[in-house]
Amino acid sequence: MKTLTLRSGAGSSRTSGAIFNTRRLFKLLSWKSWLLPLAFLLVWAQLSARGVFPAYVLPHPLQVWSELAALWSSGALSEHILVTTGRVAAGFLAGTVAATLLGALTGYSRLARELLDPALQAIKAVPSLAWVPLFILWFGIFETSKIILIAVGVFFPVYLNLMAGIRDSDRKLFEVARVYRLNTFDRVFRVLLPGTLPAYFTGLRSGLALGWMFVIAAELMGASQGLGFLMLDGQMTGNPAIIIGALVLFALVGKITDALLTFIAARLLSWQDSFGRIQ
Amino acid sequence: MLAIKNVSKHFVDDTGVDHLAIDNINIQVNQHEIIALVGTSGCGKSTLLRILSGLDSPTTGQVKLNEQSVTEPSSDIAMVFQEPRLMPWLSVTENIRLVLRDLDPDEQDDRIREALEKVNLWKFRNALPRQLSGGMAQRASIARALVRKPSILLLDEPFSALDNFTRAALQDHLIELWADSRFTLIFVTHDVEEAAILADRILVMRGHPGRVYEEIKVELPHPRERSSSELIALKKKVVAALDLSRA
Chain A
1 MKTLTLRSGA GSSRTSGAIF NTRRLFKLLS WKSWLLPLAF LLVWAQLSAR
51 GVFPAYVLPH PLQVWSELAA LWSSGALSEH ILVTTGRVAA GFLAGTVAAT
101 LLGALTGYSR LARELLDPAL QAIKAVPSLA WVPLFILWFG IFETSKIILI
151 AVGVFFPVYL NLMAGIRDSD RKLFEVARVY RLNTFDRVFR VLLPGTLPAY
201 FTGLRSGLAL GWMFVIAAEL MGASQGLGFL MLDGQMTGNP AIIIGALVLF
251 ALVGKITDAL LTFIAARLLS WQDSFGRIQ
Chain B
1 MLAIKNVSKH FVDDTGVDHL AIDNINIQVN QHEIIALVGT SGCGKSTLLR
51 ILSGLDSPTT GQVKLNEQSV TEPSSDIAMV FQEPRLMPWL SVTENIRLVL
101 RDLDPDEQDD RIREALEKVN LWKFRNALPR QLSGGMAQRA SIARALVRKP
151 SILLLDEPFS ALDNFTRAAL QDHLIELWAD SRFTLIFVTH DVEEAAILAD
201 RILVMRGHPG RVYEEIKVEL PHPRERSSSE LIALKKKVVA ALDLSRA
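Taken in sequence, the protein lines are chains A and B. Numbering follows this note's numbering, in which position 20 of the first sequence is assigned residue number 20; successive positions increment by one, without gaps. Numbering follows this note's numbering, in which position 53 of the second sequence is assigned residue number 53; successive positions increment by one, without gaps.
You may find that some hints are simply not true.
Derived DSSO-like pairs (lysine-lysine); straight-line CA-CA distance at most 30 angstroms [to be verified]:
#: 1; chain 1: B; residue 1: Lys217; chain 2: A; residue 2: Lys172
#: 2; chain 1: B; residue 1: Lys217; chain 2: B; residue 2: Lys235
#: 3; chain 1: B; residue 1: Lys5; chain 2: A; residue 2: Lys172
#: 4; chain 1: B; residue 1: Lys217; chain 2: B; residue 2: Lys5
#: 5; chain 1: A; residue 1: Lys255; chain 2: A; residue 2: Lys32
#: 6; chain 1: B; residue 1: Lys64; chain 2: B; residue 2: Lys123
#: 7; chain 1: B; residue 1: Lys217; chain 2: B; residue 2: Lys64
#: 8; chain 1: B; residue 1: Lys123; chain 2: B; residue 2: Lys149
#: 9; chain 1: A; residue 1: Lys172; chain 2: B; residue 2: Lys236
#: 10; chain 1: B; residue 1: Lys235; chain 2: B; residue 2: Lys5
#: 11; chain 1: B; residue 1: Lys149; chain 2: A; residue 2: Lys32
#: 12; chain 1: B; residue 1: Lys149; chain 2: B; residue 2: Lys217
#: 13; chain 1: B; residue 1: Lys149; chain 2: B; residue 2: Lys5
#: 14; chain 1: B; residue 1: Lys237; chain 2: A; residue 2: Lys172
#: 15; chain 1: B; residue 1: Lys5; chain 2: B; residue 2: Lys237
Quick caveat, the hints were computed from the structure, so don't treat them as lab data.
Let the hints inform the model, and build the full structure from the sequences given.
Here it is in structure tokens:
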């Protein structure tokens with residue numbers, strides 16, 4: 001679908017449209033994207049109702065719903081969601097800050113790249129979960145080790161994409177900056193930075209996805225709160241409804257945070273010809 | 001006046017071999033003159049233009065504009081590249097404002113309006129580059145070059161990516177802009193017709209190493225008729241000078 005309009009002031013720093021446009025946010029999740037989950041839900045409900053799968057293996061969706069509703073009304077569920085989201089947010093922030101600094105450094109400076117990049121690539125070759133024993137030994141089993149593990153997961157995609165984005169940035173536009181003698185501020189913020197944003201956002205999205213992946217690992221290795229703990233709890237007490245409920249919540253919260261990121265990207269990258277392709 | 005004195009440029013390629021891209025070029029360009037640098041690819045014409053713009057420096061020799069040595073880009077010399085090279089994230093207006101940021105805002109607005117009206121893009125001032133056709137984008141690029149009122153406008157095969165009709169229209173448009181103003185025009189092309197329709201002087205270059213082999217003075221007034229017998233004769237003369245059998 002192409003909605004190409006000549007908005008007045010498109011891309012101009014002088015005009016400021018509403019930052020939060022709900023209709024546009026909604027468009028990121030069109031009704032078509034609900035069709036498949038809905039069909040899946042119906043098939044699942046039918047199979048459970050007809051007893052194809054026994055309730056201790058695959059409980060009916062309504063049973064999952066009532067488990068979640070009970071947890072919600074006790075206040076425990078929102079607590080679990082907040083704790084897990086908070087861990088992802090903290091790890092994402094820490095990983096992104098580190099990756100942005102190092103990615104910018106190695107992207108700009110050949111010396112920094114030669115010094116740092118091989119070592120970082122070697123660290124990347126270590127499967128991230130292999131850090132778990134060491135992190136627990138160093139930082140204990142509480143929040144610090146979890147957040148650092150998530151940050152490690154977030155770091156690499158952001159770092160690699162930003163470095164590549166800066167290195168691939170259009171040499172031809174720099175010549176324009178040189179020939180018209182732009183000052184340093186304009187060179188960085190009006191020529192270089194906008195061009196690296198698409199790659200940076202690609203990195204942020206992969207980083208966020210990995211953050212959600214790693215929070216589970218972190219919570220499964222020991223936690224007293226969070227969605228991962230909830231799943232572990234469901235496993236211990238033989239309650240598949242809780243496990244499935246937590247899975248669905250992971251999918252929902254993960255998708256919502258990704259949609260938020262995409263929404264911000266859509267605002268910042270509306271100038272891009274190919275934006276539709278990265279969604 | 002622009003003086004190119006004994007300019008040579010060496011390149012060392014990846015294998016360490018030394019190449020002489022252009023060899024001992026001497027050209028004098030008068031104010032408001034139109035010069036075409038014509039040659040097959042690899043003859044060093046773009047290298048020469050980049051040296052004139054201050055983007056590259058010559059290995060030996062020098063370029064002087066009104067007795068001042070040109071060693072780096074200056075606001076007196078503007079360049080239009082083969083591609084429009086607009087910032088994709090800035091509107092047409094903001095792309096032009098980018099080169100005016102040292103002026104006060106009212107002056108910026110006035111200059112932007114004047115430049116965009118000259119190239120008939122005022123209506124599209126808020127469009128993003130992706131919303132423009134190739135010809136419109138190149139016109140925006142010309143507006144960006146002229147908005148600082150340079151005394152020399154350099155163009156590196158500026159219309160080669162456009163279709164024939166758009167190219168002819170932009171050539172005519174460029175001559176109108178030139179006639180309205182005082183700038184000197186130096187352009188690189190491999191299109192013989194483009195050289196014939198625009199230039200007061202056509203410098204024919206050949207490569208390995210790049211040298212100016214022939215200078216053809218054109219006495220025809222502007223605007224020139226594309227199908228006139230004089231123009232066809234001129235084109236034949238340029239083609240003969242290019243000596244394509246050697247290319």
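Evaluation of the provided hints:
no. : hint                : in the structure
1   : B:Lys217 x A:Lys172 : 34 angstroms, violated
2   : B:Lys217 x B:Lys235 : 12 angstroms, holds
3   : B:Lys5 x A:Lys172   : 28 angstroms, holds
4   : B:Lys217 x B:Lys5   : 20 angstroms, holds
5   : A:Lys255 x A:Lys32  : 15 angstroms, holds
6   : B:Lys64 x B:Lys123  : 39 angstroms, violated
7   : B:Lys217 x B:Lys64  : 23 angstroms, holds
8   : B:Lys123 x B:Lys149 : 22 angstroms, holds
9   : A:Lys172 x B:Lys236 : 35 angstroms, violated
10  : B:Lys235 x B:Lys5   : 28 angstroms, holds
11  : B:Lys149 x A:Lys32  : 54 angstroms, violated
12  : B:Lys149 x B:Lys217 : 27 angstroms, holds
13  : B:Lys149 x B:Lys5   : 25 angstroms, holds
14  : B:Lys237 x A:Lys172 : 35 angstroms, violated
15  : B:Lys5 x B:Lys237   : 27 angstroms, holds
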